[in-house]
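> So you can see what is in the structure, the chains are spelled out below.
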Amino acid sequence: MPKQTLPQVPIKKGEPAYKLWIFEPGWKGELPLILNPRQLAEQKRPALLPGHRLCAGCAAPIIVKLASFAFRGPTIVVNATGCLEVATTIFPYTSWAVPWIHNAFENAASTGSGVEAAIKALKKTGRLPYDHVDVVIFGGDGGTFDIGFQALSGAAERGHDFLYILYDNEAYMNTGIQRSGGTPPFAWTTTSPVGKVIPGKQQAKKPIADIMVAHRIPYVATATPAHWLDLMKKVRKGIEVDGPAFIHALSPCDRGWRHGTELAIEIARRAVDTCYFPLWEWTPETGYMLTDRSLAIARNPSLKQPIEKFVEVQGRFKHLLKPENRELLKKFQEYVDMVWEDLLKRAVNTPK
Amino acid sequence: MTEAVKTPKIPPEKQILMTVNGDEAVAYAAKQSLVDVVAAYPITPQTIIVEKFSEFVADGEVHTEFVPVESEHSAMSACVGAAAAGARAFTATAANGLALMWEILYIAASLRLPIVLAVANRALSAPINIHNDHSDAYGMRDSGWVQIFVENVQEAYDTTIQAFKIAEDERVLLPVAVNLDGFFLSHTLENIRMLPDEEVHKFLGGYRKTYPKVKVDYFDEEVPLILNPARPLSFGPLDLYDYYFEHKMHQIEAMKRVPEVVREVNEKWYELTGRKYGDGVLVPYGVEDADVVVTVLGSTGGTVRHIVKKLRSRGYKVGTIRIRLFRPFPHKELAEMLKGVKVVGVMDRGISFGSYGPSFLDINTALYDLKERPLLVNYVYGLGGRDAPPEMIEKMFMELLEIAKTGEVKERLKFLGVRE
Ligand SMILES: Cc1ncc(C[n+]2csc(CCOP(=O)(O)OP(=O)(O)O)c2C)c(N)n1
Ligand code: SF4
Ligand SMILES: [Mg+2]
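So the sequence lines, in the order shown, correspond to chains R and Z. Going by this note's numbering, the first sequence opens with residue 27, and the numbers climb by one from there. Going by this note's numbering, the second sequence opens with residue 3, and the numbers climb by one from there.
If you're looking for bench data, these hints aren't it; they were derived computationally from the structure. Among the hints, a few may not be true.
With a cut-off of at most 25 angstroms between alpha-carbon atoms, the simulated PhoX-like pairs for lysine-lysine come out as follows [as the list claims (entries may be wrong)]:
1. Z:K312 to R:K150
2. R:K150 to Z:K211
3. R:K149 to Z:K215
4. R:K232 to R:K371
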């Protein structure tokens with residue numbers, strides 16, 4: 027295989043190591059430079075290169091690539107243990123075109139804290155050859171809702187300047203689809219199996235993004251890879267703010283959700299269309315703001331799809347479609363409606 | 003033990019006389035060592051280190067970024083992130099805090115990050131106990147860290163600075179733990195001599211400069227393993243049966259090079275300050291002609307030496323070796339020193355339940371190759387901070403002298419100072 031070369035990476039003091047991709051330096055506006063995803067894929071180089079071993083059709087690398095198009099310059103990526111980490115860096119190969127560190131499962135946020143503190147100390151003493159180096163952390167739902175939550179909450183409280191992107195595939199996928207605090211109610215997983223008496227997970231999904239809002243950090247948002255422009259804009263905002271930012275990105279997983287490998291983006295779209303996963307952003311100044319498709323649904327409620335649309339394409343919910351489980355499906359719909367109505371009440375741009 | 007040198011580069015009168023406890027001594031040493039990032043969490047008897055360091059930060063006396071983490075697990079994790087990004091990183095802990103770090107201790111060593119950790123040794127729970135023993139340090143024995151035990155507050159200061167020098171030596175690039183006995187040293191005031199700041203900076207060569215070098219296809223030359231946007235490298239990848247073992251061999255080889263570096267640093271420190279601790283690895287006293295030798299780690303070393311002096315003045319052929327470098331363990335050097343000794347008493351302030359004290363296991367291993375092996379007795383003492391008074395140690399020596407006479411070890415594992 028011919029040797030690949032990186033884009034020119036000047037090491038000269040003060041100059042960014044990466045080409046700025048789709049946003050101008052110091053971007054404040056609404057739209058990026060490229061609006062066509064094909065053009066984007068053909069012309070720009072993401073931080074995650076081809077050749078990784080994530081499953082075909084996995085949404086996680088799409089999220090990472092889209093996010094990386096919105097980086098603003100030299101960036102260090104921290105990755106919690108999980109699918110994304112193991113499948114992108116099987117030694118002696120790596121798919122990462124940016125400096126990347128994996129420490130352990132539950133400490134991505136504290137590792138990021140250390141990286142950020144080091145950058146500050148180096149800068150203070152004139153040893154950093156850049157104006158700024160951004161820290162972006164990727165963690166799965168297990169590494170974020172559950173085992174890594176303490177480290178995340180601590181780092182958020184301390185106010186480190188990083189963007190934490192949760193790619194939420196709603197279970198411990200790397201260890202074979204076990205339930206997590208991010209698994210939705212009634213979903214089948216290998217530790218919340220659909221048995222004769224218990225039909226899948228019995229608990230709700232932890233409202234992780236709202237919990238991060240409660241930390242009063244400068245920026246919190248939700249995103250999906252289907253709403254790619256929305257995702258990239260949010261990533262850039264999260265990077266631009268001074269202090270911790272958190273993005274909760276839904277990441278369809280064909281292995282764990284039991285769907286076709288061609289359906290990741292479609293399912294992410296349906297998650298938003300059914301209001302199972304509403305899109306919003308929050309800052310201390312503005313409060314909750316609906317974005318993209320969710321704002322459209324708030325303006326025109328007839329666009330809202332029934333939860334069946336989300337459920338019917340996923341094997342993990344197939345028991346909900348059985349006639350004897352109609353009651354469960356109803357409960358699921360009620361749960362989704364409750365969360366959505368609650369958000370509508372809080373969002374400042376809900377049409378009154 | 004501190005030996006005087008005729009003309010150290012910085013004569014004692016040019017050094018700064020301070021009355022500090024062990025924790026403060028460590029904090030001052032870290033401050034003078036130009037540490038970039040300190041991430042730490044309070045736990046008795048280490049807390050004074052973080053408190054003191056916070057004062058330096060609050061008073062603007064250091065450039066250090068202080069990260070007041072929410073746990074020790076995060077303290078070590080943040081140190082890993084910081085050191086990987088090229089910073090000099092420091093933390094301190096004890097007992098339960100060290101146990102909570104355990105997972106990341108292995109990662110720090112495997113990623114070859116020269117982090118320095120001060121451990122104010124304290125007994126592990128349960129029952130919860132804040133006082134000294136070495137069960138916490140013994141618990142991290144196999145993690146790949148260099149472990150040094152100090153005897154007094156002066157040595158705690160000296161060794162903390164030396165630790166950065168050792169950790170960052172290009173032959174080593176491993177994390178180093180400096181062990182000082184909780185309360186006995188951490189909270190005990192001592193008059194010590196500190197170097198002027200600029201002398202410490204000179205000794206360490208300024209800010210951190212060394213990084214492991216790696217050869218990757220992508221770049222034509224060897225590149226430093228560091229999170230540098232200009233040369234993107236992946237730190238901590240998935241590494242399976244096809245490479246993991248080789249990577250472990252790198253660690254094993256690096257550990258082998260540690261003793262020579264410890265000796266060199268000990269010698270350089272001696273030239274600079276007039277203070278040295280044996281050869282840096284082992285601190286023997288009265289061993290040459292001894293029939294009975296007692297080995298010991300940490301602050302009890304002083305009490306043992308006191309008894310050795312007393313007994314030798316009465317004509318008993320006894321000696322002692324304080325083990326300063328516990329990991330890597332100086333098997334060969336120790337065997338060499340103990341050649342011809344009749345009985346060796348091994349003092350352990352901790353035990354591997356169902357086996358012996360950890361230093362006994364190593365010494366047993368060390369002596370196996372000798373043609374004539376000394377008899378061995380393991381004395382486990384001082385658990386949970388139980389005092390080790392001179393009378394108890396004298397009694398132990400008398401017992402060992404008796405064994406030397408009879409040639410018979412009745413009990414291999416003995417417990418000192420415990421109620422029957
Ligand atoms: C302390 C610890 N406990 C358990 C594991 C095993 N483990 C590795 S990845 C993983 C699940 C990861 O789940 P998630 O964070 O959701 O990421 P995903 O694999 O789903 O992308 C688990 C349980 C571990 N590596 N470390
Ligand atoms: S198991 Fe799921 S999350 Fe993991 S790589 Fe496969 S599709 Fe992606
Ligand atoms: Mg997951």
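> Provide an ascending list of the numbers of those earlier hints which the structure does not satisfy.
Per hint list: single violation, 1.
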